[in-house]
Amino acid sequence: MVVTLWDAFIRGFHWLLVFVVTGLWLTGGNITYIDIHHKLGLIALALLLTRIIWGFVGSESARFSRFIRGPQAIISHIRNPLKGTWLTHNPVGGWAVVLMIVALLAQAITGLFTDDAIFFRGPLAHLLSNEWVRTLTSYHKQAFDWILILLAIHVLANALYSIKGKRLMSAMVTGKIESEKPVEQPKIVHGGYGFGLLAFNLIWIFWWLG
Amino acid sequence: MSIKSWIAVATIGITAITGWAITANHAQASAFTTASDAVEYRQKAFSLIRENFAYMSGMVRGERDYDAEAFKQRAQALYHLSHIPFEAFTGAGENVTANSDALPVIWENWSDFESKRDTFQAAVKELVSAAASENMREIRPKFMDTARGCQQCHQGYRAD
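Which chain is which? The protein sequence lines are A and B, in order. Read in full-length UniProt numbering, the first sequence has 165 at position 165, and its numbers run on one by one without any break. Read in full-length UniProt numbering, the second sequence has 80 at position 80, and its numbers run on one by one without any break.
These are computed hints drawn from the structure, not numbers from a lab. Worth double-checking, as some hints may not be accurate.
Unchecked claim - To spell it out: a stretch of chain B is covered by chain A in this simulated footprint if at least three of its residues, at any positions, have a beta carbon under 8 Å from a beta carbon of chain A; those stretches are: (1) 45 to 57; (2) 145 to 155.
Claimed, not checked - Restraint ranges, calculated between C-beta atoms of paired labels, are given here: (3) B:104 - A:98: 37 to 45 Å; (4) A:57 - B:70: 47 to 55 Å; (5) A:160 - B:99: 47 to 55 Å; (6) B:109 - A:36: 29 to 37 Å; (7) B:156 - A:159: 29 to 37 Å.
Backbone N, C-alpha and C fix where the C-beta goes; we use that ideal spot for every residue, glycine too.
When you get a sec, could you build the whole thing from the sequences and use the hints?
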């Protein structure tokens, strides 16, 4: 049975975020591209905030309440990672998603408080003391290596699933996944609402912090 | 002794004392004799560099109205300042990282540090020439070269 797993917003969010984070990686740490880095960071912030809201009001498959699972589910998934078809993130992948969202959100927010000691000053740096700005700038520079490790694990895990015949990556493109057993189709919210919310978030974020 | 002799002796004496004074003064030409003074000296110099560059940055980045005269003055000030702090990485300031963002690797890669210093100073010199043109199109690339001149040492030689 073919199930619709990911709505259009989740898929759009995911691939836009891939694009934006790659851009942030390439433009980070180079004063020549700091203004582009700043704008991309704001887009990332809007994407992440919208995803978090969508995790409460969006499609059932995208809700945190569905994919944040306790230790038992995690352990049994690790013992048998290929068993069954999850109509959301699997118990381990769900925590990986939470971790990636938190790490990227922290990166986007600390970026607002950075000062490069040359000419770039984050739009909210004036709110904090110099010591705090220094600390957050340092965090912002160093944390990205950890984010890269997280993303590498994410990509590797999905590549392994593909090799083992679980088409998780294509589900993030088409939105569909094949289930051997008959399952209840998760309630899907039209992705357009998510994109509308994203547009709204982009507008106020750029107006305030652009 | 005749008056002439007195004058001759006095002249020699004054010359000798003045010479000694100048030489002695020269031996203390550095503004610092202790490690902490050297750190303070270079930090103050960098802080002035930063203030002047930030002022120009406001004009280049459109946050402040462009004033050609003020810009030229700041560029000139930056040119002089760009030669100030580096002396304090030598002498009493050599290998000093206490209460400082300077990393020990500066003295391990001293010739690289020097060549980056030279690149920075050359970039500032070009910024001064561009400022004289009073043309933002000429100023902007030289301003960015200078910014890169700052960053090349901030990455690797300055604590994050």
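Here is what the structure says about each hint:
By the rule of at least three residues with a Cβ nearer than 8 Å to a Cβ of chain A, the coverage given for the region 45 to 57 of chain B holds, with 4 such residues. Look at the region 145 to 155 of chain B against chain A: 6 of its residues bring a Cβ nearer than 8 Å to a Cβ of that chain, three or more, so the hint holds. Take residue 104 of chain B and residue 98 of chain A: their Cβ atoms lie about 40 Å apart, and the range 37 to 45 Å holds. A hinted range of 47 to 55 Å holds for the C-beta pair residue 57 of chain A and residue 70 of chain B, which are about 53 Å apart.
Restraint check, residue 160 of chain A to residue 99 of chain B: a C-beta distance of roughly 50 Å satisfies the suggested window 47 to 55 Å. About 30 Å separates the C-beta atoms of residue 109 of chain B and residue 36 of chain A, a value consistent with the hinted range of 29 to 37 Å. Here the CB-CB span from residue 156 of chain B to residue 159 of chain A is close to 34 Å, well matched to the stated 29 to 37 Å.
Checked against the numbered hints above, the structure violates none of them.
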